[in-house]
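Asks: Here is what each chain is made of, one letter per residue.
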Amino acid sequence: DTEVTQTPKHLVMGMTNKKSLKCEQHMGHRAMYWYKQKAKKPPELMFVYSYEKLSINESVPSRFSPECPNSSLLNLHLHALQPEDSALYLCASSPEFDTQYFGPGTRLTVL
Amino acid sequence: AQSVAQPEDQVNVAEGNPLTVKCTYSVSGNPYLFWYVQYPNRGLQFLLKYITGDNLVKGSYGFEAEFNKSQTSFHLKKPSALVSDSALYFCAVRDPLKGYQKVTFGTGTKLQVIP
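Those protein sequences? They're chains A and B, same order as listed.
113 is the number that my numbering gives the last residue of the first sequence; the numbers go up by one with no jumps.
660 is the number that my numbering gives the last residue of the second sequence; the numbers go up by one with no jumps.
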């Protein structure tokens, strides 16, 4: 299985809602990533998990809370988001020192 | 700090003609270089990479890239463009001396193949 899956594909939420994004891979990769991407811009790194431990947090606001329950799963918990947080959220995974493989993304709209 | 530049926001090429999408990089060590393609409302798809070895790297969908250390470039090429190649292309660099997790992406180049 050479695929990274993300659910849901689309999410619309109000500023007071709590929601979660889910990412899954079964390639045995030990690094997993969350990126935020605005239209026609490059992905911006948010978090990196290495061997299920948070290794990089790119000064992301606390309204975004990552979680890595096991080596195959990565969650991003969302709470009290702002309209400017609307974007495509991409998950990726990689073996050590090698290519990142991306999921299809979750299109998030914050009203 | 590692960085990558894609000097062209958009490249237009006629179908059947060769295409080049430019990328230059700056790292302190020997770079790991990648090209990704993104179709509208989709995630990034890996095309090819250079880590070591032959400077000419072949990848998916007939794409190739040439690593040029003296010019710090890693241009993406294809001998004959297809309309279906129209998409957003990102060059990316990883500096192994900075740890393996962080990849820096270029700003992207929109490729438009004209029928």
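Hints should not be assumed to be uniformly reliable.
Computed spacing ranges between beta-carbons, pair by pair [stated by the list, open to error]: (1) B:Y584 - A:L75: 25 to 31 Å; (2) B:P563 - A:L75: 41 to 47 Å; (3) A:P97 - B:S571: 24 to 30 Å; (4) B:P563 - A:S73: 28 to 34 Å; (5) B:A550 - A:L75: 31 to 37 Å; (6) B:S615 - A:N19: 29 to 35 Å; (7) A:L75 - B:T565: 36 to 42 Å; (8) B:Q590 - A:L75: 40 to 46 Å; (9) B:Q590 - A:S73: 21 to 27 Å; (10) A:P85 - B:L601: 42 to 48 Å; (11) A:L75 - B:K647: 20 to 26 Å; (12) B:Q590 - A:P63: 38 to 44 Å.
Computed footprint of chain A on chain B, listed as stretches where at least three residues anywhere in the stretch have a Cβ under 8 Å from a Cβ of chain A [to be verified]: (13) 588-594; (14) 605-616.
In case anyone wonders, no lab produced these hints; they're calculated from the structure.
Since the model is a prediction, treat every value here as computed from it, not as a measurement.
Just so you know, even glycine gets a beta-carbon here, dropped at the ideal spot from N, CA and C.
Asks: Each hint should be assessed against the structure and marked as holding or not.
Replies: Consistency of the hints with the structure:
no.: 1; hint: B:Y584 - A:L75: 25 to 31 Å; verdict: holds (26 Å)
no.: 2; hint: B:P563 - A:L75: 41 to 47 Å; verdict: holds (43 Å)
no.: 3; hint: A:P97 - B:S571: 24 to 30 Å; verdict: holds (25 Å)
no.: 4; hint: B:P563 - A:S73: 28 to 34 Å; verdict: violated (43 Å)
no.: 5; hint: B:A550 - A:L75: 31 to 37 Å; verdict: holds (36 Å)
no.: 6; hint: B:S615 - A:N19: 29 to 35 Å; verdict: violated (53 Å)
no.: 7; hint: A:L75 - B:T565: 36 to 42 Å; verdict: holds (40 Å)
no.: 8; hint: B:Q590 - A:L75: 40 to 46 Å; verdict: violated (22 Å)
no.: 9; hint: B:Q590 - A:S73: 21 to 27 Å; verdict: holds (23 Å)
no.: 10; hint: A:P85 - B:L601: 42 to 48 Å; verdict: holds (46 Å)
no.: 11; hint: A:L75 - B:K647: 20 to 26 Å; verdict: holds (22 Å)
no.: 12; hint: B:Q590 - A:P63: 38 to 44 Å; verdict: violated (29 Å)
no.: 13; hint: 588-594; verdict: holds (count 5)
no.: 14; hint: 605-616; verdict: violated (count 0)
Hints 4, 6, 8, 12 and 14, counting from the list given before, are not met by this structure.
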